[in-house]
Amino acid sequence: MNGRKTFGGGRGGGRAGQNQQGKNGQQRRPMFRRRKVCKFCTDKIDDINYKDTRLLMSFVPERAKILPRRISGTCAMHQRKLRTSIMRARQLALIPFTSE
Amino acid sequence: MNRKYELVYIVSPDATEDQVSDLHTQVDGIVQRLGGQIEKTDNWGRRRLAYEIGRHKEGTYVLEVINGSGDLMKEIDRRLKLFDLVIRHLVVRVDEDQEVIERARTKRGQVSSRRRIARGLPSERQPGEGQRGDSDDDRDDRFDMTEDRR
Chain A
1 MNGRKTFGGG
11 RGGGRAGQNQ
21 QGKNGQQRRP
31 MFRRRKVCKF
41 CTDKIDDINY
51 KDTRLLMSFV
61 PERAKILPRR
71 ISGTCAMHQR
81 KLRTSIMRAR
91 QLALIPFTSE
Chain B
101 MNRKYELVYI
111 VSPDATEDQV
121 SDLHTQVDGI
131 VQRLGGQIEK
141 TDNWGRRRLA
151 YEIGRHKEGT
161 YVLEVINGSG
171 DLMKEIDRRL
181 KLFDLVIRHL
191 VVRVDEDQEV
201 IERARTKRGQ
211 VSSRRRIARG
221 LPSERQPGEG
231 QRGDSDDDRD
241 DRFDMTEDRR
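Respectively, the protein sequence lines represent chains A and B. Reminder that position 84 of the first sequence reads as 84 in the working numbering, one-by-one numbering, no gaps. Counting the second sequence from 1 gives a position; the working numbering is that position plus 100.
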């Protein structure tokens with residue numbers, strides 16, 4: 001829909017193997033996952049704004065649900081701000097509530 | 101008590117340019133009358149809505165940044181509900197958030213300059229000096245949809 005970018009190649013994609021041997025060559029532990037970090041902390045984005053659809057859309061996958069912290073790695077404070085921003089943007093029809 | 105608010109309203113796509121600007125003058129009138137002022141007006145133009153509102157698929161978005169009291173915004177909120185041309189609107193108070201952002205920014209600036217001085221570097225970051233490259237593959241796997249199993 002309206003050309004928005006989704007990421008990750010779907011749920012559970014890349015679960016088998018290829019993910020663990022990323023660029024760091026981490027193969028020692030069988031289920032090693034790279035530690036996820038908060039995008040807003042690393043990129044130093046202070047202002048999470050409901051008008052910034054591009055940014056918010058990267059946290060809203062195909063079904064238009066808000067991407068959980070467990071997956072995105074966002075820290076608690078920023079996830080909270082992100083949530084309010086997404087909900088405001090939804091009220092203004094900038095972001096869908098749901099999409100088929 | 102002066103506070104800063106942001107008002108966004110979506111005007112029906114059937115409305116003409118004149119009607120949109122007329123709406124703006126009406127909002128301006130209410131703001132003037134109740135002792136506030138409009139700091140900024142921004143017309144985003146016609147955009148596609150993410151979902152249908154009523155039977156509309158498009159709308160003209162207008163953003164107004166208003167300095168004023170809570171009563172003023174209450175009145176604007178009430179009035180906008182009555183206009184048929186306005187299909188959706190949102191009022192958000194922004195002064196507190198902006199203060200928090202400002203504080204976070206200055207604090208980070210201070211911390212980083214202190215650290216840089218401690219390392220014997222000039223307090224400001226020099227152009228062309230990078231600690232980590234903004235490589236694209238860094239972004240790629242930030243949101244892989246695998247779950248944390250521990």
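Mixed in with the good hints there might be a few duds.
[Claimed, not checked] Footprint (simulated), chain A over chain B, 3 or more residues, beta carbon under 8 Å: (1) 151-160; (2) 183-194; (3) 204-211.
[To be verified] Each computed DSSO-like pair below joins lysine-lysine, with the alpha-carbon atoms no more than 27 Å apart: (4) K44(A) to K65(A); (5) K65(A) to K39(A); (6) K51(A) to K65(A); (7) K157(B) to K51(A); (8) K39(A) to K81(A); (9) K104(B) to K51(A); (10) K36(A) to K207(B); (11) K181(B) to K39(A); (12) K39(A) to K157(B); (13) K81(A) to K104(B); (14) K36(A) to K65(A); (15) K174(B) to K207(B).
I should point out that these hints are in silico values taken from the structure, not numbers from a laboratory. Positions of the beta carbon are idealized from the N, C-alpha and C atoms, including for glycine.
Evaluated hints:
Counting residues of the region 151-160 of chain B whose C-beta lies closer than 8 Å to any C-beta of chain A gives 3; at least three are required, and the coverage claim holds. For the region 183-194 of chain B, the proposed coverage by chain A is satisfied: 3 residues have a C-beta within less than 8 Å of a C-beta in that chain, meeting the threshold of three. With 3 residues bearing a CB less than 8 Å from a CB of chain A, the region 204-211 of chain B meets the requirement of three and the coverage assertion stands. The suggested pairing of K44(A) with K65(A) holds, with an alpha-carbon distance near 24 Å, which does not exceed 27 Å.
Of the supplied pair hints, the one linking K65(A) and K39(A) holds, its CA atoms being roughly 18 Å apart against a limit of 27 Å. Annotation: proposed proximity of K51(A) to K65(A) holds, straight-line Cα distance about 18 Å (limit 27 Å). Proximity of K157(B) to K51(A) is assessed by CA-CA distance (about 19 Å); at most 27 Å being required, the pair is judged to hold. A hinted pair counts as satisfied when its Cα atoms are at most 27 Å apart, and K39(A) with K81(A) qualifies at roughly 13 Å.
Only pairs whose Cα atoms come within 27 Å are accepted, and K104(B) paired with K51(A) is accepted, the gap being roughly 16 Å. Our distance criterion of 27 Å between C-alpha atoms is met by K36(A) and K207(B), whose separation comes to about 25 Å. Using a Cα cut-off of 27 Å, the hinted pair K181(B) and K39(A) is violated, with the two alpha carbons roughly 38 Å apart. For the hint pairing K39(A) with K157(B), the CA-to-CA distance comes to about 33 Å; that exceeds 27 Å, so the pair is violated.
The straight-line distance between the Cα atoms of K81(A) and K104(B) is roughly 19 Å, inside the 27 Å bound, and the hint therefore holds. Straight-line distance between C-alpha atoms of K36(A) and K65(A) comes to about 20 Å, which keeps the hinted pair within the 27 Å bound. For the proposed pair K174(B) and K207(B), the alpha carbon gap of about 35 Å is over 27 Å, so the pair is violated.
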